[in-house]
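Let chain P serve as the given structure and place chain E on it in line with the hints.
Those protein sequences? They're chains P and E, same order as listed.
Heads up, the first sequence stops at 346 in our numbering, and the numbers go up one at a time, no gaps.
Heads up, the second sequence stops at 346 in our numbering, and the numbers go up one at a time, no gaps.
Treat the hints loosely; a few may be bogus.
[Stated by the list, open to error] List of simulated lysine-lysine pairs, DSBU-like, C-alpha gap at most 30 Å: (1) E:Lys279 - P:Lys68; (2) P:Lys155 - E:Lys155; (3) E:Lys155 - P:Lys279; (4) E:Lys279 - P:Lys180; (5) P:Lys279 - E:Lys117; (6) P:Lys155 - E:Lys279; (7) P:Lys279 - E:Lys68; (8) E:Lys279 - P:Lys117; (9) E:Lys68 - P:Lys155; (10) E:Lys310 - E:Lys155; (11) P:Lys279 - E:Lys279; (12) P:Lys68 - E:Lys68; (13) P:Lys221 - E:Lys155; (14) P:Lys307 - P:Lys180.
[Unchecked claim] Per label pair, the in silico range of CB-to-CB distance: (15) E:Lys155 - P:Ser191: 39 to 47 Å; (16) P:Gly200 - E:Lys221: 42 to 50 Å; (17) P:Ala150 - E:Ser191: 37 to 45 Å; (18) P:Ser183 - E:Pro29: 43 to 51 Å; (19) E:Asp263 - P:Asp319: 49 to 57 Å; (20) E:Leu294 - P:Val128: 47 to 55 Å; (21) P:Tyr70 - E:Ala192: 32 to 40 Å; (22) E:Arg295 - P:Thr264: 49 to 57 Å; (23) E:Lys221 - P:Ala293: 34 to 42 Å; (24) E:Ser191 - P:Pro115: 31 to 39 Å; (25) P:Pro268 - E:Gly213: 40 to 48 Å.
[To be verified] If we take Cβ atoms under 7 Å as the criterion, some of the chain E residues that face chain P in the derived model are: (26) Tyr70; (27) Pro72; (28) Arg75; (29) Gly235; (30) Leu254; (31) Ala266; (32) Leu273; (33) Ala274; (34) Leu281; (35) Arg282; (36) Leu283.
Keep in mind the hints are simulated off the structure, nothing from the lab.
Computed from a prediction, not measured in an experiment: that's the story for all the values here.
Cβ atoms here follow ideal geometry from the backbone N, Cα and C, with glycine treated the same way.
Number of protein chains: 2
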Amino acid sequence: MAAEPTVPQAPATAREWHLAARPRGWPVPADFALVEAPVRTPGPGEVLVRNTRLSVDPYMRGRMNDVKSYIPPFRLGEAMDGGAVGYVVASGDEGFAPGDAVLHGLGWREYATVPAKHAVKVPRIEGVPLSAYLGVLGMPGLTAYAGLLAVGALKEGDRVFVSGAAGAVGSIVGQIARLKGASLVVGSAGSAEKVARLTGEYGFDAAFNYKDGPVGEQLAKAAPEGIDLYFDNVGGEHLEAAISALGVHGRAVLCGAIAQYNDTSAAPGPRNLAMAIGKRLRLEGVLVGDHDALRPQFLAEVGGWLKDGKLRFEETVVDGFENTPQAFLDLLRGGNTGKMVVRLDG
Amino acid sequence: MAAEPTVPQAPATAREWHLAARPRGWPVPADFALVEAPVRTPGPGEVLVRNTRLSVDPYMRGRMNDVKSYIPPFRLGEAMDGGAVGYVVASGDEGFAPGDAVLHGLGWREYATVPAKHAVKVPRIEGVPLSAYLGVLGMPGLTAYAGLLAVGALKEGDRVFVSGAAGAVGSIVGQIARLKGASLVVGSAGSAEKVARLTGEYGFDAAFNYKDGPVGEQLAKAAPEGIDLYFDNVGGEHLEAAISALGVHGRAVLCGAIAQYNDTSAAPGPRNLAMAIGKRLRLEGVLVGDHDALRPQFLAEVGGWLKDGKLRFEETVVDGFENTPQAFLDLLRGGNTGKMVVRLDG
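If we strip away everything but chain P, and leave its shape as in the complex, we get:
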């Protein structure tokens, strides 16, 4: 018997963030508009979710541009979307009941009426917050896992370099590389504090602040005999340095290019790309959506590491729904360590 749709705890209206204008270059607060909208009672096959944590992610910057891509752009004057976790408050689908913890894709709002088929009930792991499903157990975690193992074909003994290594994806990449037998794990980040965390908390062998000097020189010091695998979250100078450092049959996993997301004209690509011929490098893009088949294996393996305390993750938590755009802007400037999330329930 399907549950009767009811809205026990939901208010009549709630807030959501709209894209008010398409940013040129770096986004600014005026590109976003806070809107009060009716909370819609779920129809059959829908659930109403009270969001408790929202995800802000670098890929969202691309969706603010009106260009064809792997994912449609945000529409002007409508609520944006993105990863979110929360609790079902009313269900029109027999698979869900009030109180269920769910992960879904209608973030940037306080309450979301979600098609049940697009909501996932998530098991709780002791000591692991629900928001982990936005990070280490969610999209960034699977991106790291699939990028490193399926696309990058990590082998035991590989020397691995990760850029954006203190971020939600990078911090997991480095740790998985270590757990899977990499012989050297090097990371770059944008502050001394992050660099200390890479070698301290996350067990990287070496790390450097890319703002301290040329990436190529710093990488050569950290990995004097070169690298076998580069996980790129950054693009630009980092990618060029990695291409020089990669050895024969080296692999570069192209996951992000945050250094370029706010460029208004196209930045030159790596000047040394022709090295890929002589060294038979492989550069390959990764998108998490291609790797759903890996999810059960990923949840089992990464969930196990979390339970056993072998894998650490961090969150940078911004409090208050009204601060969601600011959290996103901070993320683009590297204001986070680990996963950037917005906390809605105080």
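Relative to the frame of chain P, chain E by itself:
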């Protein structure tokens, strides 16, 4: 019983080309020196070969620079090397007898004393000249075959774009793509005559002269729905245009970057490389040396196509050993159609 080393038809001295100076930018004739040197009687395990055809290839430009690469640089003041075919005139190895047709790596000279283990006796195919082993049945042919099939993972129905398509590698790539079921084969070349040959002789569906206008625009006309596989012999603007044209999960085989070989400063890489993320492109370098295991299959399949008249190849023949450097310089400027060879025996 090993044959007695004898030198029945060899002169006491013969000519060889030395690298006299390392070119800066485009090579010039003064970078090469013609030297008369003794012809050395083969010792045990060696054969003396009278070269009849010499190969000049774009990769040789890289060997003129004093930089670490997949193959050591040419040494100043010594005979250069490269692919050559000819006939054994004296043998110190029981596996070879005078008159044997061989392929070996000591080109740029009239007579070569070659370690027997570095010489290959080659079977003659009716109607196919010995020099085919420098081209369609040799290094360029195997490069095309392995690059397209092993690295590029060509699938039936793929839309394929080849740059430098009238060259020794490119002309074979396009034809193999067609024979293996590509649904569209597009090539670029640097003259109207070459373009006509691509669609006429070689059966490309479309071709354009890259000097006639922006590569991206011409490619979009030739392949309005995009491409699945790009075989890059050129680099530069071609690679950037191909990255834009490639569809999801497209592949770029990086084989050459002749547009950049004579640059004295590093040219910017493709400005759109970050598209590789969203489209999950794979860019991968190919070097023929990695693919020796494919050689028997390659010789059988390509040899069969040649016998059956299904695959065409051309040579641009430059007459006279003294013109070897000029043949090489012409090659760098696109003066060849198909394989560029130097004929020594008139």
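Structure versus earlier hints - violations, ascending order: 12, 13, 16, 24, 25, 27, 28
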